[in-house]
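J.: Numbering (our numbering), first residue to last: 13 to 392.
Take the hints with a grain of salt, since some may be wrong.
Straight-line Cα separation of at most 30 Å, DSSO-like style, residue types lysine-lysine; simulated pairs [claimed, not checked]:
{"id": "1", "residue 1": "K121", "residue 2": "K111"}
{"id": "2", "residue 1": "K111", "residue 2": "K95"}
{"id": "3", "residue 1": "K115", "residue 2": "K104"}
{"id": "4", "residue 1": "K95", "residue 2": "K115"}
{"id": "5", "residue 1": "K121", "residue 2": "K104"}
{"id": "6", "residue 1": "K115", "residue 2": "K197"}
{"id": "7", "residue 1": "K197", "residue 2": "K104"}
Taking CB as the label site, the calculated pair distances span [to be verified]:
{"id": "8", "residue 1": "V179", "residue 2": "G129", "range": "41 to 49 Å"}
{"id": "9", "residue 1": "V125", "residue 2": "R301", "range": "37 to 45 Å"}
{"id": "10", "residue 1": "F52", "residue 2": "L159", "range": "22 to 30 Å"}
Calculated directly from the structure, the hints in this document are not laboratory data. We put the beta carbon where it would ideally sit given N, CA and C, even for glycine.
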Amino acid sequence: MSESPQATPQAQNKPQKAESASRGVGRVMKYMAVRLVTLFITVVIGVYLTILIANMGGYVDQIRRGEIQEAAQQRVLTDQALKNLPPEARTKRLEEIIKLEEKRYGLDKPFVVRSMGYLSDAVTLSLGRSQNISSDSGSRQVRLILLERLPATVLLFGTADLLLFFVSLFIGLALSRRYGSFWDKFIVTLSPLSAAPGWFFGIFLIAFFSAYLRILPFGGMVAVPPPDNRLDYFISLLYHMILPVLAITVSSIFISAYGNRTFFLIYSSEDYVEMAKAKGLKSQDVERRYVLRPTLPTIITGFAFTLIGLWTGAPIFETVFNWPGLGRVIFQAVGLYDTPVIVASVVLFAYLLAITVFLLDFIYALVDPRVKIGGEGKSA
13 MSESPQATPQ AQNKPQKAES ASRGVGRVMK YMAVRLVTLF ITVVIGVYLT ILIANMGGYV
73 DQIRRGEIQE AAQQRVLTDQ ALKNLPPEAR TKRLEEIIKL EEKRYGLDKP FVVRSMGYLS
133 DAVTLSLGRS QNISSDSGSR QVRLILLERL PATVLLFGTA DLLLFFVSLF IGLALSRRYG
193 SFWDKFIVTL SPLSAAPGWF FGIFLIAFFS AYLRILPFGG MVAVPPPDNR LDYFISLLYH
253 MILPVLAITV SSIFISAYGN RTFFLIYSSE DYVEMAKAKG LKSQDVERRY VLRPTLPTII
313 TGFAFTLIGL WTGAPIFETV FNWPGLGRVI FQAVGLYDTP VIVASVVLFA YLLAITVFLL
373 DFIYALVDPR VKIGGEGKSA
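From just these sequences and the hints, can you work out the full model?
T.: Written as structure tokens, this is what we have:
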């Protein structure tokens with residue numbers, strides 16, 4: 013009877029590799045599931061707290077009841093048929109109108125019950141209708157109001173933030189090469205200026221370029237009336253974007269460049285960078301492989317949060333420049349106690365934030381081999 017040939021080492025390793033790969037996939041799937049559940053619970057808690065704050069624990073309901081009573085009394089005074097009724101019948105009719113309106117707004121239920129309904133609608137993105145704010149087209153649906161104002165906010169802050177991101181990145185890299193130079197000290201000295209918000213610089217820019225020099229518009233998105241020709245409209249839009257984009261850039265460029273310069277300096281002093289220089293590698297190769305790559309997680313994080321930060325806009329900034337974006341809508345909603353608009357904006361931002369945080373975990377593992385998924389000592 014002949015003996016069967018012994019299995020080669022490669023053949024013996026195949027089942028082990030397959031088993032290891034299977035464990036790795038299972039570990040990643042488990043991590044994804046736990047991470048998604050955790051983020052969803054966080055979003056739900058944040059949204060419910062927003063509902064409580066936006067409604068002031070039920071105080072807004074009292075304001076709404078007062079508005080309903082005032083509107084019902086005004087209706088009774090202006091409706092001739094109701095005015096001709098006997099006093100008792102008119103009072104009864106007034107109470108019926110108030111009850112119907114309160115039921116329409118859901119005020120006939122306790123606030124805790126209604127808050128759970130608000131939470132369910134918010135989590136499922138049933139944004140409902142605005143109670144006080146109408147869009148320019150006359151619709152009162154929250155979804156349409158937000159979508160109508162979103163392009164203006166994305167255009168302004170997207171342009172400014174992307175310009176700021178890449179300019180500060182290249183300035184930070186240039187400063188790290190010239191540590192201790194005049195420009196390095198100049199940027200470090202001016203970095204505290206970024207403590208002032210963009211609208212603060214915007215006021216001075218408007219006063220100088222618009223009021224004094226009269227070469228740029230005070231605010232708005234386009235000229236009034238808007239140009240009919242598309243090219244003229246585009247030129248007018250760019251003309252009106254100069255001051256707000258400049259205000260955003262000036263307010264953050266120094267601290268952003270200083271932060272990037274600090275990160276690059278930290279990684280430029282590592283031992284492996286000195287070894288790469290000693291081997292005779294070009295400075296560009298050293299920066300690309302040994303300085304920029306370790307800082308990619310930080311750079312990607314800043315870039316991702318810059319993009320999702322476009323959603324919220326800037327209420328005071330857009331008000332100063334009379335820019336018709338999401339920030340002004342949210343500002344109006346807060347002033348009018350318009351809970352649906354406030355909650356809807358927070359919910360959508362919370363979902364964008366949760367998705368971004370979830371994806372960043374895997375992007376980190378792809379760009380940086382030191383990052384592990386699942387915490388079991390194996391990289392992605």
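J.: Check each numbered hint from earlier against the structure, then list the numbers of those it violates in ascending order.
T.: 6, 7, 9
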